[in-house]
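Go by the hints and put chains B, C and D onto chain A.
4 protein chains.
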Amino acid sequence: MLIEGHPSMELVFASANGQRGQTMRAGRREITFLGADEARLGDAALVFSALPHGASLEWVERSKKAGAKVVDLSSDLRIGNGHSGVPYGLTELRRKQITGAEVVANPGCYPTAILLALAPLLEAGVVEKGSTISASAASGVTGAGFTPRPDLLFAEISEDFRAYGVGNGHRHVAELHAMLIELGADQDLIFTPHLLPVARGILATIIVRLNHQLDAPLDLWREAYANEPFIELSETTPSLRDVVRRNVVKISAVNAANAKQPTLIVTSAIDNLTKGAAGQAVQNANLMLGFDEIAGLPL
Amino acid sequence: MLIEGHPSMELVFASANGQRGQTMRAGRREITFLGADEARLGDAALVFSALPHGASLEWVERSKKAGAKVVDLSSDLRIGNGHSGVPYGLTELRRKQITGAEVVANPGCYPTAILLALAPLLEAGVVEKGSTISASAASGVTGAGFTPRPDLLFAEISEDFRAYGVGNGHRHVAELHAMLIELGADQDLIFTPHLLPVARGILATIIVRLNHQLDAPLDLWREAYANEPFIELSETTPSLRDVVRRNVVKISAVNAANAKQPTLIVTSAIDNLTKGAAGQAVQNANLMLGFDEIAGLPL
Amino acid sequence: MLIEGHPSMELVFASANGQRGQTMRAGRREITFLGADEARLGDAALVFSALPHGASLEWVERSKKAGAKVVDLSSDLRIGNGHSGVPYGLTELRRKQITGAEVVANPGCYPTAILLALAPLLEAGVVEKGSTISASAASGVTGAGFTPRPDLLFAEISEDFRAYGVGNGHRHVAELHAMLIELGADQDLIFTPHLLPVARGILATIIVRLNHQLDAPLDLWREAYANEPFIELSETTPSLRDVVRRNVVKISAVNAANAKQPTLIVTSAIDNLTKGAAGQAVQNANLMLGFDEIAGLPL
Amino acid sequence: MLIEGHPSMELVFASANGQRGQTMRAGRREITFLGADEARLGDAALVFSALPHGASLEWVERSKKAGAKVVDLSSDLRIGNGHSGVPYGLTELRRKQITGAEVVANPGCYPTAILLALAPLLEAGVVEKGSTISASAASGVTGAGFTPRPDLLFAEISEDFRAYGVGNGHRHVAELHAMLIELGADQDLIFTPHLLPVARGILATIIVRLNHQLDAPLDLWREAYANEPFIELSETTPSLRDVVRRNVVKISAVNAANAKQPTLIVTSAIDNLTKGAAGQAVQNANLMLGFDEIAGLPL
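Going down the list, the protein sequences come from chains A, B, C and D.
So the first sequence is numbered by the numbering used here: it starts at 39 and just counts up by one.
So the second sequence is numbered by the numbering used here: it starts at 39 and just counts up by one.
So the third sequence is numbered by the numbering used here: it starts at 39 and just counts up by one.
So the fourth sequence is numbered by the numbering used here: it starts at 39 and just counts up by one.
Hints are not guaranteed to be accurate.
Identical copies look the same in the list; a pair holds intra-copy or inter-copy alike.
[Unchecked claim] Okay, derived cross-link-like pairs now, EDC-like style, lysine to aspartate or glutamate, Cα gap no bigger than 16 Å in a straight line:
1. K167 / D224
2. K103 / E140
3. K298 / E166
4. K102 / E140
5. K107 / D81
6. K298 / E140
In case anyone wonders, no lab produced these hints; they're calculated from the structure.
From a predicted model like this one, the values you see are computed outputs, not experimental measurements.
In isolation and in its complexed conformation, chain A is listed as follows:
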């Protein structure tokens, strides 16, 4: 859908084994889904691949041979998941490696919200050594995909709320921890995702002990993200409504009252389907293909 509105991209094919032969409306066009084996890779300059975990590597090889670049939306090629050499597509933190790259591993939705919020703190060296960073986050159900699972039925989700993957059990923990190390962190990160009765959006609430009190905490992000088109900083805490259908991260940071140790509460909101997936994929594709980074993306 984003591609339909893109000034310099045109959709060559769409593939979905489960829906082979079915059609989808994208703007004014009708698109017919192909099986993965029918995809005409040679006709494409770049392929967005969102295959089940484990299937990406072969597809990336096929695409490369056919001369197509790849933005891979699976976790297979992401940092912390065993494959090295592929740039991690958290655009604002890895812009140089992504620009012109052949293959980019698009980040998970939770890591996008959490790492963009944490990076300026870690890079500034203000987080207390050896402390624990608590990142609790809540996601709309589209974060769990569109497979018809009994626990994702309306009657199960509505009027409910629960944590899952508790105790650092979520599959995004690998890329979170690997990126923390790249950012120079020695702190523990405890990640607790929750399932919200909303369709889309992620809100992360991050508690960080500092080694000294910051008088204007948001200034840290203002400096780190000066001129970033897709990062919004706010004195008031963001809500899902502020970011849904937009390719942005909205971040706020507040000092804790009544705490002996200086402590910051950072909140960060994204649309899991836009900045957390397809939007960031287009943002990366723009850099890989030499287009304007913001082309085709909803601000």
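Same frame as chain A, but now just chains B, C and D:
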């Protein structure tokens, strides 16, 4: 409503200045709301008062003079809010002081979920000295009351999620911190409430650094709460659905993987309108009047 | 669940091929699901069968041979679906045939709401001959069952509303039309169901042309349903909230203003899982087994 | 917001007595609300007025004197509400009168959905003389406005559904009946609105008796609305999701099975805030000012 099903209680009057003269169905009876000044305190053995903040003290005096006991649901008389001598009605932790008491301050909904989850840890002395306890919690909208505020309209709440009172700004922080001190804690507590698009229920997600790893963490709660009728312990994390319309707290505790410092993730769920308010009020009233503690309460 | 609270019933077994071996909590008991072939029919006085359409007849025969009565919740044995001789379990309209019966066909949820609303009108002969009765109804998603279908996922249902089975295409039309004929109607009935983003509840809105104006339309229902424990009549239109978790039908009837032909708008609400399914099944079982009709049922 | 994206319109002022002095983000601009008395009417070519009912007439006079055209979104000037001479802004049915007009009365949201669905049938003369047209419709809560009313709180709306204004009591009945007469109808129209637990969208389900069976009923609309940019016809019934955030009406028509009298079920969906309000207002303003009718409108 709970009183209608209670074997030993009978409703004498209900008062609500804003709805004076209106009627409400409670089981098979019709009840007409009186103005607060019309209430026949002398006819009642016990009064449940849920007045706006600031108005409780005078009402408690009037009730005492008329010979009626009081369960006060406002925050006016709670620990940490300036009045001493009134037992804090977190029943499982203060049963002795509540039994037979004249006046009891019913706890806030968030503190009920958080303190019942934390008390066994703190009493066992296993929390790392000087560490930070992060308690993020999410509540259904009835926790914000029934005043018609623009931000509580369906069109504002549905498909949204946000934090509020960020940075220990919520009015429940006072009783949380005061009770932590009574429980012997020297740790910081960072409390971050969130507003959920559901009608009722609270889920608290609490991150605690330990001074040593616990092999079977839930055993701590099993011992502390042996024979408690309203506390449920679970190896799987609780969800709102497990507790709504019931006077229980459901608690789970899981060790964090991939953490240098032993760390526990404790989740705790209650119905904010039952164990978080009216249910616990009846539980306290039962103890104050010498009834069976579980009389009239939905398990 | 209703059976756990029933004073004279005890659950002997529960069977569910898809969940064979799994357990469920029912009040204080743990129940393990059996496969249908393992069910000990001989131990039971009455079987509630909710098999997929087409499978009921064989099961009823097995139960009869084993000496157990049957309340069948499928549509297989219902009026209009090809099998005769089995009483249609719309309790208030067929109490005599149900009392002491061996087998009863429990009605569909939509027909329960619509037929209990229409019967007094048709029996009084006040509906215009040859006119069209429009019954539009909306149901919560549990009416569509608990099979994980893509169109029942939270992300598909929330913030949406649509009609289905439009043009008398719904499988409940057969029993609706057959019962209308039994009630002496010559009118067309156009039934249009809709899918609501709520978990449970059905509201039917029925437009009926009359052969003469009724001054106090609700009096017709008051007479027809005098002393019925599960029928509530109301001058104000019912909402789902009034009936959810209760075994009642709530009915209202209002004359249309600005209409040349006297016309009545009848609204009728039930809980599709209680009066529309399990509750009415217990109500019927009570009559079949000689218990008090209201035993174990939530008013 | 629509105006911000319009190629030929620019917002001169926004007025809201209740929010005087507050600011709103519209695209890249900050807008400060004025009081109605501060509005600089002379600077504007056209004013969109959405005043409380009763206040429009005076405002229209002031605007005219100042040389500004007016699209009035209140019901004051609509057909059937006592004022004549002002074109009724149901664009597809009154395009000629709207083009170049000084003042246009923008229709109600329900009438937009119902009248655009009914007009081709009535103009073709295929509706049975003297029959009753039943139009049941359900609307998202934004149709009730943004005033903080207790019955519009999330906790009241979620998991509920109810009819209101039952018996032709809704204030939109006047314009519905007046337009039916203009379209040559002698039939009764029974309009029953319902309140949905969704933010936005209206679905109308309309039952119409015909004087003869139509083999391909949708052809009637295809002919009547050939080349209409904002009307979508569909063999499958529309859902809210198809139309939300778009300035379209989506219509389907299906013959009833099992009916003696040929009967059509017409379903019609709009976004109450777009084609049902602001979108149609811009569509009318485009015609009044001589712009392209589709300028600035989301298809």
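Hints, one by one, checked against the model:
Only within a single protomer do K167 and D224 lie at most 16 Å apart by alpha-carbon distance; the minimum there is 7 Å, versus 20 Å between protomers. Taking identical chains as interchangeable, the C-alpha atoms of K103 and E140 lie at most 16 Å apart only when both belong to the same chain, with a minimum of 11 Å there against 65 Å between chains. In this homomeric assembly, K298 and E166 come within 16 Å of each other (Cα to Cα) both inside a single copy, at 13 Å, and across copies, at 15 Å. For the homomeric pair K102 and E140, the shortest alpha-carbon distance inside one copy (8 Å) is at most 16 Å, but the shortest distance between copies (62 Å) is not.
With identical chains, the CA atoms of K107 and D81 are at most 16 Å apart within one copy only, with a shortest distance of 11 Å there and 53 Å across copies. With identical chains, the CA atoms of K298 and E140 are never at most 16 Å apart, being 49 Å at best within one copy and 37 Å at best between copies.
Going down the numbered hints, you'll see the structure goes against just number 6.
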